[in-house]
Amino acid sequence: MALYQLDNFRHPEQLADMQALENAGICIFCPQHLTTDPNHPVLHQTAHWVVTTNKYPYAETRLHLLLVPRAHVEDLLDLEPAARDEYWTVLRWVRDTYGLTFYSIGSRNGDGRYTGSSIAHVHVHVVVGDVDDPEHRGVRFKMSHRPRD
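Number 24 in full-length UniProt numbering belongs to position 24 of the sequence shown; there are no gaps in the numbering.
Possibly wrong hints are sitting among the right ones.
Stated by the list, open to error - What follows is a set of in silico ranges between Cβ atoms, one per label pair, in the way DEER data are often shown:
#1 Ser144 - Lys55: 31 to 39 Å
#2 Arg137 - Glu80: 36 to 44 Å
#3 Asp132 - Asp96: 36 to 44 Å
#4 Arg84 - Pro12: 20 to 28 Å
#5 Glu13 - Thr36: 14 to 22 Å
#6 Leu76 - Phe102: 20 to 28 Å
#7 Ala20 - Phe102: 20 to 28 Å
Simulated from the structure, these hints should not be mistaken for laboratory data.
Beta carbons are placed, not taken as given, at the ideal position from N, Cα and C, and that holds for glycine.
Make a model of the complete structure from these sequences and hints.
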């Protein structure tokens, strides 16, 4: 199965990045790549998680972070118990560090051909909509995909 789901790109630059990474066999969310990529600055890291910005944030957001487990798994439930437990500590760090009074979280688990995910390394989106913008229409989070095949 592919590491990247090329049908699920949202920006032309994202597709080009995904194609190059797929061809090189690089999972950009695995720690040996994520923590060295200037396009994904490390904001916080723990034994099991890295917090970074989304290089391609969703429209209508004023903050879009990614919580990325160090373990390469496709489902949060496949993480080791310590990593699952530590998730809540990392989420609290985000909330408290950014002074969030509201936010949304989203994750796609399993086969990205059906979930709408662009990469087969599970990650959690922390999104704050730009509600101060008078033209704000809400943030859309794709949660399923029907493959072309």
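How the hints compare with the structure:
no.	hint	verdict
1	Ser144 - Lys55: 31 to 39 Å	violated (23 Å)
2	Arg137 - Glu80: 36 to 44 Å	holds (39 Å)
3	Asp132 - Asp96: 36 to 44 Å	violated (21 Å)
4	Arg84 - Pro12: 20 to 28 Å	violated (36 Å)
5	Glu13 - Thr36: 14 to 22 Å	holds (20 Å)
6	Leu76 - Phe102: 20 to 28 Å	holds (22 Å)
7	Ala20 - Phe102: 20 to 28 Å	violated (36 Å)
Violated hints for the displayed structure, listed by number in ascending order: 1, 3, 4, 7.
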